[in-house]
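Trainee: Chain residues, written in single-letter form:
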Amino acid sequence: MGKATGKALYADDLTFPGMLHGRTIRATIPRGRITGVRLDFDAAGFTVVDHRDIPDGGRNIVSLIVDDQPCLVEREVRHVAEPVLLLAHESREALLAARVHLEYEEQPPVFDPLASDAVLKELLIEKGDLARGFERADLVVEGTYRTGHQEHVYIETNGVVAVPERDGVALYGSIQCPFYVDRALRVMLGGSRHVRVVQTETGGGFGGKEEYPSMLACHAALLALKSQRPVKIIYDRVEDMLATTKRHPSVIRHRTGLTKDGRITAMDVDVVIDGGAYVTLSPVVLSRGGIHAAGPYRCANTRIRGRAMFTNTPPNGAFRGFGAPQTQFAMEVHMERIAEQLGMDPVQLRMKNALRPGDTTATGQTLAGDCSAQRVLREAVKRSGYRRKKARAGTSGRGFGVALFYHGSGFTGSGELKLASRAAVEVTATGVRLLVSSTEIGQGTRTMHAQIVADAVGVPYEQVEVAPVDTSIVPDSGPTVASRTCMVVGRILERCAREVRETLGDLTPQQYFAAHGPLRVEKQHEPPGWLTWDEERYRGDAYATYAWGCNVAEIEIQPDTYEIRPIRVTAVADIGKAIHPALATGQVEGGTAQGIGFATIEQVVMRNGAMANAQLTNYTIPTTLDTPVIDVVLLENPFPEGPFGAKGLGELPIDGPAPAIVNAVRSLGIDLREVPATPEVVMLAAHSRAAVEQHHDLLTYGAALSGVSPGTS
Amino acid sequence: MKFTLNGSEVTVEGHPMARLLDVLRLDLGLTGTKEGCGEGECGACTVLVDGAPVCSCLEPLAHVEGRDVTTIEGLGDDHPLQRAFMQEIGAQCGICTPGMVLTALSLGPKPSLARIREGLAGNLCRCTGYEAIYRAIQSVSGERDHRTPDADTGDPRS
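Chains as they are written, first to last, in the numbering used here: chain A, 1 to 713; chain B, 714 to 871.
Hint data in this document are derived by calculation from the structure and do not stem from the laboratory.
What you are looking at is a predicted structure, and each value in this text was computed from that prediction instead of being measured.
Ideal Cβ positions, reconstructed from N, Cα and C, are used throughout, including at glycine.
Be a bit skeptical, because a hint or two may be false.
[Unchecked claim] Just so you have them, the derived chain B footprint on chain A, three or more residues with Cβ under 8 angstroms: (1) 81 to 89; (2) 338 to 349; (3) 436 to 449; (4) 475 to 489; (5) 573 to 586; (6) 591 to 597.
Given these sequences and hints, build the entire structure.
Mentor: Listed below in structure tokens is the structure:
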């Protein structure tokens, strides 16, 4: 109830006695060396921190996959907005008035991932014999597809408060992954110092608070340790948009062999994503993107090549879907073009090639009975009235598009085995208490986990307490990412709760506690025994299972402005089992709306390596008036290893809306192959494909290019 | 500077151009009003001034002198709209919820869906896709969906 009454405390709502405010001084060039730092203010009353303030034994890195990203720049600048210096002061006004002059020796930056020669990560997935597959083809269809950056726009910006505690810090913050932050702080401060991380109420994440909060936490901790005062750092919207991660832009090429009757004989896919200036999570984003790049389709001969490239922009990072929205966008628009070239009904083409139980994916994973590709497609077509409406499209002027997609639940490959997540259930005087490090960031983690425990112990939901997410209290259940919180962590809780149930016998938790005292059951995640994964060759069971989705989009195009107006999106999702149907529906509705924004209006305009429209005034997300009717259907084809049959859900809904909308535009005769499909892009595509190809920079640089008009082609 | 805040008169010493948002959060300790963008785009900082929704990040203190300001705290802890937002899952992450609830309140009883969509156009939500927010507001007014039935499917949600 606290969220609706204003009582829930977010990071910026916290105050501590003697608290200072912190501010980050950032580089203003995309690449070069810092040759001088000058403080143009009276430093009395300020705490000033640079890289030399990192304690002995600590390291100047933000620890994640590869330790390449400094907490504070020493000399080399790799992107605009890279943190150089930290200031803290009691007064926010004094803090904002302080001026720092940085001198640089600039070097030529690289912004185009296709022009970059610095490879961040490569992958290769091979199945069957590609050359033979193409030999068998009657027809080969090729195409290039592009997606732009996307900004998360959690309505609460990034923020943390660091409080000196013992010889280290307690860190309170808006975070998805408390143990990522815990580890980053320990590495930066040096192993032995006290660290405790507490999640505050978190105003949205979507991946945007997966890795970046570790950076903020390190900064606030350094200021707090030096001043020995609590220090709060809250980014304003401009700083948040300029400095923090975005969805990776992509350029994806497809070459597909087909028989005359529409069977896929060969798929050759080449994926390039823009990683930005540091590794962060890009290898894993590329991995998930690559694995999903062949879409939910059967094909005996497949090759998927992927590259993440370094450029001199702020690092791109985790964003709901994690590479899969980009690659499945390309696949689904490509499928539409294949249908057009074959003169075949696009639903029939998808139905014919959709994965079925017993089929193998591109990595050679054999799908079990919970593969629902055909089922979601059939349901979405029926529910949306697609065929009837499309038959009348000529008179209505509306476009209709389909997208079929899937999303792997949990960490990729052996990731869950390595994570070895833990969760616990305790018997207390008032009922039971569950302990996880999974965070509630709006998706309903607390409610959903409590529901699983209540059902498995057999107690009313109201008797289940959820422990505060504090790394000194809860076990490490892994990060709150990758659609794993319900399926993976929920399953550990279910197993703990069932053991509690057995131990209780005929007693209620309260009776048991009175008679025997406290009881705690803690368990570790056990991935299915049959799961095998070869990390080197990308072969095997990439995910324990997949959730399946299908979207049908109905749109209009404003004839005078070329704006796409979505009318209605039908979203069918098979998630195994909806633990809490209203929460699950909310995930699908929200993810669909975010996908609609990605498709149509959300354009990050980059100039000289920095986001030029870093404000909500000119980076717009869908409002009530931009968001169409979203009609959700949940299907439940259970996954036996999930809690009560449940699979991952959070990311699936964002994979489909962009291709469904672009395919709807295509149905009106406009050869569109990229997002964001801003009015400028749609106008050019309506004129000719060549016009768009000439102006691909539009996706990245916006309308700033002069002379962009259909006439210039 | 005097104004009425949630039914009681308050006196605040402050710069006339101070943002009402800062006065509420920092001087008066009412942190239920949230800052999302600081430029009047997201509506998270919405308060009611004489019953009308206003972005408190754009509102100078001097503007509310002698006027009637309502924040989320003024609704108490058990307002039907607050309950409805929780029951219908109209609040996911919750950061937009205080502003949403106040804007919804300003729409009066039994707003049509078209009125709700228009009225909430200045309040951004990134979590819900707005559907659950409509359900919450309509559950309070007892009004079900006002959309005309879809000719093709008979689905009232078109």
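Trainee: How does the stretch 81 to 89 of chain A fare against chain B when you require at least three residues with a CB closer than 8 angstroms, holds or violated?
Mentor: violated (count 0)
Trainee: Count residues of the stretch 338 to 349 of chain A with a Cβ under 8 angstroms from any Cβ of chain B, then say if the count reaches three.
Mentor: Coverage by chain B is violated for the stretch 338 to 349 of chain A (0 residues, Cβ < 8 angstroms).
Trainee: Against chain B, does the stretch 573 to 586 of chain A show at least 3 residues with beta-carbon separation below 8 angstroms?
Mentor: As far as the stretch 573 to 586 of chain A goes, the hint holds, because 4 residues have Cβ atoms under 8 angstroms from chain B.
Trainee: Would you check chain B against the stretch 475 to 489 of chain A, counting CB to CB pairs closer than 8 angstroms, and say if three or more residues qualify?
Mentor: violated (count 0)
Trainee: Per the coverage rule (Cβ-Cβ under 8 angstroms, at least three residues), is the stretch 591 to 597 of chain A covered by chain B?
Mentor: holds (count 4)
Trainee: Do at least three Cβ atoms from the stretch 436 to 449 of chain A come closer than 8 angstroms to Cβ atoms of chain B?
Mentor: Contact hint for the stretch 436 to 449 of chain A vs chain B: holds, 4 residues under 8 angstroms.
In terms of the numbered hints stated before, the structure departs from hints 1, 2, 4, listed from lowest to highest.
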